[in-house]
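Undergrad: Please put together the full structure from these sequences, using the hints given.
Numbering (my numbering), first residue to last: 58 to 534.
Please note: incorrect hints may appear among the correct ones.
What the hints assert, rightly or not - BS3-like, lysine-lysine: derived pairs with alpha carbons at most 25 Å apart:
(1) K242 to K130
(2) K232 to K170
(3) K364 to K322
(4) K531 to K338
(5) K72 to K390
(6) K130 to K322
(7) K304 to K322
(8) K271 to K210
(9) K444 to K334
(10) K256 to K271
(11) K342 to K325
(12) K342 to K364
(13) K319 to K334
(14) K388 to K232
(15) K242 to K210
(16) K304 to K319
(17) K390 to K444
(18) K256 to K232
(19) K325 to K338
(20) K241 to K271
(21) K304 to K130
Calculated from the structure, these hints are not laboratory results. These numbers come from a predicted model, not from an experiment.
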Amino acid sequence: MPIYIYNTLTGKKEKLTGSGEAIGIYVCGVTPYSDTHLGHARPSVVWDVIKKYLHYRGYQTFHVQNFTDIDDKIINRAQELEVDPVQLAAHYSNEYLESMDALGVARADLYPKVTEHIPDIITLIERLIERGHAYVVNGNVFYSVLSFPEYGKLSNQKIEQLQAGTRFEVDPDKKHPLDFALWKKAKPNEPAWDSPWGKGRPGWHIECSALSYKYLGPEFDFHGGGCDLIFPHHENEIAQSEGATGKPLAKYWLHNGMINLKQEKMSKSLGNIVTVKEILKAYPKELIRFFILSNHYRSELEFHDQKLDEVSRGWQRLNDCVNVLAKMVDKAKIEPEPLSGDAAALAEAIRQGEARFTAAMDDDFNTALAIGVLFDLLHQVNAYIAKLDHKASADYALYQAYQLFATLAGGIFGIIKTDEHKLSGLSEPLLDLLLELRTELRSQKHYQLADRIRDRLAELNVVIEDTPQGPRWKIRS
RNA sequence: GGCGGCAUGGCCAAGUGGUAAGGCAGAGCUCUGCAAAAGCUCGAUCCCCAGUUCGAAUCUGGGUGCCGCCUCCA
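TA: Have a look at this one:
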């Protein structure tokens, strides 16, 4: 079964046909001048899952994500704080990576920085000048949008219409109001690099063209970013890259929707941000990922203070089920065996569940639907366990169920918080011993003592449940 | 003014032609020393209007409302 992806460029879902041995992915990174917020977490988690899913499907990927570490915002912020702009950017670049690590996002293969690629950028600008796409005025270099007939093809706009909506003062040096800076002449006290046009620095947009060309070549597979980047950023990237190479830049353009706070886009300029570090203090990363993946990546996502509490209950059930399975499987020696009756039915449901999960993900990475499949599966596993005899242990069907949850929910989605991680190796057998003793007490109707054990363990965040299948412990999240 | 997107039960959210996944909340029941967990049962005709079709939440046209982009933004 092929994978279909919605392509912003064509407005259609298209079949994935990977070129080369690895799928080339370029995702526009951040401008590091303040803390990483939830709006950054969304594309990162989404691309993390897309990559992990592609790996699961047998593809290899090569993922490049830039840091735009020189820019007006950085310079302004650095001046406010009276620090060096380059150091400020380096600080927030690290902060970004730390936040992503804390969210369980696998790192990109490369994180190139603009300030370390000035020569590449200059070479690209020179090429654009040679090819008649750019012109020099007073130490600035501008891209001429009229030189690129396809300008507007990604955002589906015509140059005249865009011009009509222009709401800002036009630089008198520009030949056309929509022309944009490739190279900005240095102002006093700003970081600047030497160039054929004098001291200056790169404009916004050109870095992505230069970096994607350098590390992925003139043509690659996926180009991603937030939908707020479609215009002008990605439109300008296409104009630059395709103007320079004459080849189509990316095969598939993927854009994620915004995260809204009180029905308004979360963004640094609006100041309504919730930082990743802040939210990780209150909630586990797996829950945050679950929340993000519960919506399709292209739709808007509403966030508010109670949002994670609202979704935590369902997430907890999923986790409980997987952790129960993990403990059952861990305690039994499980060999492949022919199954019959309910066990065979469960094994079949698991097979179908995997197929449905895959079908959901193949359809433009529909993680919301895929999570629905996981809940269906959860339901069948719980029903199966509920019917087990008191002392029955895991069988091969439950083993398969565990493997599947571990792979899909744990591995690809990263939404399972395993209890083992919170216990050292020694305490698990001790807990089991305690439960054993408590069971003995209960059978002798020493309920006060039994309850005391349960209460005291609860104080330690260990929850005891006396199920028909025997007592269980779990860690309260 | 232009471009793009969204509108599904109390809340969240899938579903793009064949008669509404899933989650949360709520109600009842089972199990049970208690607590918890789990299981079973119960809910919508899909913003409005008009069309196309044997058949539409899904297609077309027209409204209404909301969001994003057109300035930095994931």
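Undergrad: It remains to establish, for every hint, whether it holds in the given structure.
TA: Here's how the hints hold up against the structure:
1. Proposed proximity of K242 and K130 is supported: the alpha carbons are some 16 Å apart, at most 25 Å.
2. Distance check on the hinted pair: K232 and K170 sit about 30 Å apart at the alpha-carbon level, beyond 25 Å; violated.
3. Pair hint K364 plus K322 holds up; C-alpha atoms about 16 Å apart against a cutoff of 25 Å.
4. Only pairs whose Cα atoms come within 25 Å are accepted, and K531 paired with K338 is accepted, the gap being roughly 21 Å.
5. The hinted pair formed by K72 and K390 fails the criterion: a straight-line CA distance of about 43 Å is larger than 25 Å.
6. For a cut-off of 25 Å, the pair hint linking K130 to K322 stands: about 19 Å separates their Cα positions.
7. This hinted pair does not check out: K304 and K322 have alpha carbons roughly 34 Å apart, beyond 25 Å.
8. Proximity of K271 to K210 is assessed by CA-CA distance (about 24 Å); at most 25 Å being required, the pair is judged to hold.
9. Using a Cα cut-off of 25 Å, the hinted pair K444 and K334 is violated, with the two alpha carbons roughly 43 Å apart.
10. Taken as a hint, the K256 and K271 pair is honoured in the structure, with Cα atoms around 23 Å apart against an allowance of 25 Å.
11. For the given pair, K342 sits about 22 Å from K325 by alpha-carbon distance, which is consistent with the 25 Å threshold.
12. Our distance criterion of 25 Å between C-alpha atoms is met by K342 and K364, whose separation comes to about 14 Å.
13. The straight-line distance between the Cα atoms of K319 and K334 is roughly 20 Å, inside the 25 Å bound, and the hint therefore holds.
14. Restraint check for K388 and K232: the C-alpha separation of about 74 Å exceeds 25 Å, so the hint is violated.
15. In summary, the hint linking K242 to K210 is not supported, as the alpha carbons are separated by about 29 Å, beyond the 25 Å threshold.
16. Between K304 and K319 the CA atoms are separated by roughly 42 Å; this puts the pair beyond 25 Å, and the hint is violated.
17. A threshold of 25 Å between alpha carbons decides the hint, and for K390 with K444 the separation of about 21 Å falls inside it, so the pair holds.
18. Taking the CA atoms of K256 and K232, the gap is near 22 Å; set against the 25 Å cutoff, the hint holds.
19. Between K325 and K338, the direct Cα distance comes to roughly 20 Å. Compliance with the 25 Å bound is thereby established for this hinted pair.
20. The suggested pairing of K241 with K271 holds, with an alpha-carbon distance near 22 Å, which does not exceed 25 Å.
21. Simply put, K304 and K130 have alpha-carbon atoms about 32 Å apart, too far for the 25 Å limit, and the pair is violated.
In summary, the structure is inconsistent with hints 2, 5, 7, 9, 14, 15, 16 and 21 from the numbered list given earlier, while agreeing with the others.
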